[in-house]
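Can you make the complete structure from the sequences, with help from the hints?
If you use the numbering used here, the sequence shown corresponds to residues 1 to 185, in order.
Here are the computed distance ranges between Cβ atoms for each label pair:
no.: 1; residue 1: Ala111; residue 2: Pro70; range: 18 to 26 angstroms
no.: 2; residue 1: Val44; residue 2: Gln67; range: 21 to 29 angstroms
no.: 3; residue 1: Pro70; residue 2: Gly25; range: 21 to 29 angstroms
no.: 4; residue 1: Arg120; residue 2: Asp84; range: 19 to 27 angstroms
no.: 5; residue 1: Asp127; residue 2: Arg54; range: 25 to 33 angstroms
no.: 6; residue 1: Phe147; residue 2: Gly71; range: 17 to 25 angstroms
Note that these hints are calculated values from the structure, not bench results. This structure is a prediction, so every number in the text was calculated from the model and none was measured. In this text, a Cβ means the ideal position worked out from N, Cα and C, and glycines have one as well.
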Amino acid sequence: MSEDFLLERKFHRPETGLVVTDGSGVAGYASVFGRRDGGGDTVVPGAYGASLARLKAEGRRVKMLWQHDPGAPIGVWEEVREDDRGLWVRGRLLTDVARGREAAALIAAGAIDGLSIGYRTVRAERDGQGGRRLVELDLWEVSLVTFPMQAEARVDAKADDASEAAVLQEIATALAAARRMITDS
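Below, the structure written as structure tokens:
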């Protein structure tokens, strides 16, 4: 398979935890612009624009999956949009589906608090620091996950949580570096 068609994933940890409203509603940021993630990549504003426009024109939606499993859709994203901060999503878990009910219970208990994007890189640039600036992405799905990557991308995030987010980003970066060291040895 050509590298151009590989699906990539970025994991995100909501700062205040995923919140389920009315038993099934979920909303927040799946990606935050200008923040280097644990894998060394930074998404730039506008990176999702062409993909979201194409999906809309084709009458399709970004999928809501459980842990990136294409066989485990657990809900629907009713709104996916870019704003000044990042990629904001709002959707609902399908509680008629067993995994949807499980996801709602795990979120309510605080056991699951992460979001992750699945995408294909259309255009990226090296950033000179060992990472990439992701300029254009083909967004496929946003998953609820156990282990997220980007500390700043959070459900119900508030701007005044910046100091906590900075600490979490440092931890995420250190964990990613440790993972690379273990994998490379």
